[in-house]
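Number of protein chains: 2
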Amino acid sequence: MKKPIQDLYSEDFAHCYGCGRLNEHGYHLKTYLENDYTISKFTPKDYHIAIEGFVYGGLLASLIDCHGTGSATIFCAKANKIEIKEGNSPRFVTGTLNVKYLKPTPLGKELTLKGELIVETKNKVQTKISVIVDGVVTVVGEVTAILLPDNFGKSL
Amino acid sequence: MKKPIQDLYSEDFAHCYGCGRLNEHGYHLKTYLENDYTISKFTPKDYHIAIEGFVYGGLLASLIDCHGTGSATIFCAKANKIEIKEGNSPRFVTGTLNVKYLKPTPLGKELTLKGELIVETKNKVQTKISVIVDGVVTVVGEVTAILLPDNFGKSL
Chain E
1 MKKPIQDLYS
11 EDFAHCYGCG
21 RLNEHGYHLK
31 TYLENDYTIS
41 KFTPKDYHIA
51 IEGFVYGGLL
61 ASLIDCHGTG
71 SATIFCAKAN
81 KIEIKEGNSP
91 RFVTGTLNVK
101 YLKPTPLGKE
111 LTLKGELIVE
121 TKNKVQTKIS
131 VIVDGVVTVV
141 GEVTAILLPD
151 NFGKSL
Chain Z
1 MKKPIQDLYS
11 EDFAHCYGCG
21 RLNEHGYHLK
31 TYLENDYTIS
41 KFTPKDYHIA
51 IEGFVYGGLL
61 ASLIDCHGTG
71 SATIFCAKAN
81 KIEIKEGNSP
91 RFVTGTLNVK
101 YLKPTPLGKE
111 LTLKGELIVE
121 TKNKVQTKIS
131 VIVDGVVTVV
141 GEVTAILLPD
151 NFGKSL
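Protein chains in written order, with the numbering used here: chain E, 1 to 156; chain Z, 1 to 156.
So that you can see chain E by itself, here it is in the shape it has in the complex (with noise of 0.2 Å):
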């Protein structure tokens, strides 16, 4: 992949706070496919701290969602064989996140986020994320994304 994934999804699902390319105030994570992996980077600010010297909790629980939704449209086309081009992307969104925090996450380095593939249906990406830095899993998430329904958020 030469492009992240969020940089080819619609303008419409392009905002998110975590990872949408047109968030001023936002995150910008941008995850790639690298083998059977999903990648994104991420330096956290210095003020992302939870206690002194280490990375707000809350923030890796952030990532870990916007990785494992990116992650799921790219395991989606995947093995579905879709060629994804600008605006054909499909969406998911979160319908679960568990995080286990192994031990804290120091502040101050670039973060890997690595995304392993667990299952796919017709609607539904599972995914493993772990948080590395210097080559330590610090924190391991799961996350259950769901394919964004054409009804989204019209039954409230």
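Bear in mind the hints are in silico, worked out from the structure with no lab data behind them.
Fair warning: this is a prediction, and the values are worked out from it, not measured in the lab.
All residues carry an ideal CB built from backbone N, CA and C; glycine is no exception.
Take the hints with a grain of salt, since some may be wrong.
Claimed, not checked - Facing chain Z, a subset of chain E residues (Cβ under 8 Å, in silico):
| # | residue |
| --- | --- |
| 1 | His15 |
| 2 | Cys16 |
| 3 | Tyr17 |
| 4 | His25 |
| 5 | His48 |
| 6 | Ala50 |
| 7 | Ala79 |
| 8 | Ile82 |
Chain E is already provided as a structure; the job is to place chain Z on it using the hints.
Here is chain Z on its own, set in the frame of chain E:
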């Protein structure tokens, strides 16, 4: 409780991006005990968006995380009859965070986070957290919070 629990944390623990009173960039979540529940209120900014009209799920996970650790301190103090004063507050960190998004959360409204104690043991507090908008629960979470050990971060 007249003061929110986050205003009673010692300065060392008051820089959290989600709930630290000393983090000028953060969310400043404030958590109170009301009867047997813990309550925080938060109104997302316009840019905390997932898809037009709805709150970013990563933010909701972050709020559940901080509401969970704040609630852990409150429930721990209540169970152990500790009268929290400024600086003597037990401080918890998140061990696991499980979030289930039941329906999209509308943007532009005040959110109420409501915490209920599931179980409190020597060094762990498990809570159920609900995100409520206009009386409707849109997201539920479970947080297992762990009492901050004295050697936190030293084993890295």
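Hint-by-hint comparison with the structure:
1. His15: holds (5 Å)
2. Cys16: holds (5 Å)
3. Tyr17: Check passed: Cβ of E:Tyr17 comes within 4 Å of chain Z, closer than 8 Å.
4. His25: holds (4 Å)
5. His48: holds (5 Å)
6. Ala50: holds (5 Å)
7. Ala79: This hint is violated: E:Ala79 lies away from chain Z, its Cβ roughly 23 Å from the closest one there, beyond 8 Å.
8. Ile82: violated (20 Å)
Of the numbered hints listed earlier, those contradicted by the structure are 7, 8.
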